[in-house]
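Undergrad: With chain A held as given, fit chain B onto it using these hints.
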Amino acid sequence: MCGIVGFLAKKPEFVQSLGEHVVPMLTCMGDRGPDSAGLAVFGEPVESSLRRFSLYAPDRRFDWSTFEQQLTARIGGQIELSALENHAVLIGSVEPVRLKAWLTEAHPALHLLSTGRAIDVYKDEGHPTDIARRYHFTQFSGTHAVGHTRMATESAVSPAHAHPFTAGEDFCLVHNGSLSNPYSVRRKLEKKGIRFETDNDTEAACRFLEWRMSDGDTLEAAIQKGFEELDGFFTLLMATADKLILVRDPFACKPAVAVETDEYVAISSEYRALAHLPGVKNARIFEPVPEQIYSWTVSSRST
Amino acid sequence: MDRVIPLDLTRLTVRELNHFLHHQLPTGDAVRVEILNPNGMHNLAVGLDALADIDILGHAGYFIAGMNKQANVTVHGNVGWSVSENIMSGTVRVKGCASECAGASGHGGLLVIEEDASSRCGISLKGCDIVVGGSVGHMSAFMAQAGTLVVCGDTGSSLGDSLYEATIYVGGKIHSLGADAQEEPMTAADVTRVTDLLTRAGITRDPKSFKRVASKRSLYHWHADAGQEY
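Chains as they are written, first to last, in the working numbering: chain A, 648 to 950; chain B, 273 to 502.
This is chain A alone, in the form it adopts within the complex:
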């Protein structure tokens, strides 16, 4: 059992208050996943020459200011780093490949949680309530967000095994369920030079879909191939820079409920995680059907 949550703001006031709506969803789903939790938040994309990077340090006392100085000295250019405990968001005109290479060499203990122009990721081990409080999730603003609460069944409990998983740029995925063929998917992808960071089954799904997209598929087309390739149980909630996407496997054993109003779209494993949302009691609430792709696009963007 795990919990998934997703939120997409349709009105500017919901962009501003995104965290206030999402945190009760995430903490409520702590009952379904008390091991670890994570949240991916998407905001206004930075300009095309820049990238955002979310970084995780296993050591909570990690010296981010020294790290910033080292990075500036080595990589150069304009770099902006904002740290929150053992997480930091780095914005700069840094080639992702170059940053990864430098991190591997200079700071192998650091994890690069996400790369893109719009995405920030926070995830850690512990109860979702504690994690939301530790990283001030309620203060987050953004157009859309995807969160997860994990009850581990198939691989270790660690910050790296927590969801959301990311691959490529501005793409993340959370999963409720279990895949029965993650290793065969993984072997197929590794032969193509795709590298994995954990032995988690969800990472296989995430990297499979990103591989298809990097090969030219739309996310929708990639998901259709995913239905053929991925064996097992899954409710998958995904986000790109401007979309929130939900699918359930053909058996639909893992729950999902969605609500859509003029102001927002909200998705969760259970209705009780949505019950606090404004206007939800009289809103259109529905259960997504198996093998159908549900996609919502951000419209509240000012640019």
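Hints in this document: simulated from the structure, not taken from any laboratory. Heads up, a few of these hints could be off.
[Unchecked claim] Which stretches of chain A does chain B cover? Using the computed rule of at least three CB atoms under 8 Å from a CB of chain B, they are: (1) 913-920; (2) 934-943.
[What the hints assert, rightly or not] Keeping only pairs whose Cα atoms sit at most 30 Å apart, straight-line, the calculated BS3-like set for lysine-lysine is: (3) A/LYS890 x A/LYS658; (4) B/LYS480 x A/LYS901; (5) A/LYS901 x B/LYS445; (6) A/LYS835 x A/LYS872; (7) A/LYS838 x A/LYS747; (8) A/LYS747 x A/LYS839; (9) B/LYS367 x B/LYS445; (10) B/LYS398 x B/LYS445; (11) B/LYS445 x B/LYS488; (12) B/LYS367 x A/LYS901; (13) A/LYS928 x B/LYS367; (14) A/LYS658 x A/LYS839.
Glycine included, every Cβ here is placed at the ideal spot set by N, Cα and C.
TA: Coordinates of chain B only, in the frame set by chain A:
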């Protein structure tokens, strides 16, 4: 006039609510309980064994009115998984939609879903009658042993897979039948049975427009000649 007892879940825990319904319901008079602010909570009004009317005012969660005996439970909203699972008697009515496994393994009584029910509705049914005003999802009435599933709308795939002696009536389209389920002619007795259940459910439909689905009974016994080609 009924005596109405309001129970507010912003003030009571689910355990306190169910303890009250099990041990402290007044006896003798007609009793009506209103459960306020359910907010998707699970396990409300489970294990009741009393002649009482219970109204849940709002959307509720999983296992609502499970194992119900005698009581009439009405949910004024949607419910999550496994509403009235293992119901023994009484009536459970959902004014909105129900998620998966509605009425799972129900032994007796009546379950009414006024709108749609999701997949596996009436799975392993053991004698309960279920009436769904809208449609049902895939694998409904899977391995249903006794009782009735009436679906006024359409059904998902694999309806009545591995069906035993339960009977299914469908007013709309059947997406596909499961293994060992077959469509059969409606008899006068079937029309009477559907009429009675629709009346009890308070749903107006032409009972003659329903199709009957029952077991072929070809899976009841092992056939050595059939190999594994079931």
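Undergrad: Hints first: check each against the structure and report whether it holds.
TA: Each hint tested on the structure:
| no. | hint | result |
| --- | --- | --- |
| 1 | 913-920 | holds (count 4) |
| 2 | 934-943 | holds (count 3) |
| 3 | A/LYS890 x A/LYS658 | holds (15 Å) |
| 4 | B/LYS480 x A/LYS901 | violated (37 Å) |
| 5 | A/LYS901 x B/LYS445 | holds (26 Å) |
| 6 | A/LYS835 x A/LYS872 | holds (14 Å) |
| 7 | A/LYS838 x A/LYS747 | holds (21 Å) |
| 8 | A/LYS747 x A/LYS839 | holds (19 Å) |
| 9 | B/LYS367 x B/LYS445 | holds (23 Å) |
| 10 | B/LYS398 x B/LYS445 | holds (25 Å) |
| 11 | B/LYS445 x B/LYS488 | holds (20 Å) |
| 12 | B/LYS367 x A/LYS901 | holds (24 Å) |
| 13 | A/LYS928 x B/LYS367 | holds (14 Å) |
| 14 | A/LYS658 x A/LYS839 | violated (42 Å) |
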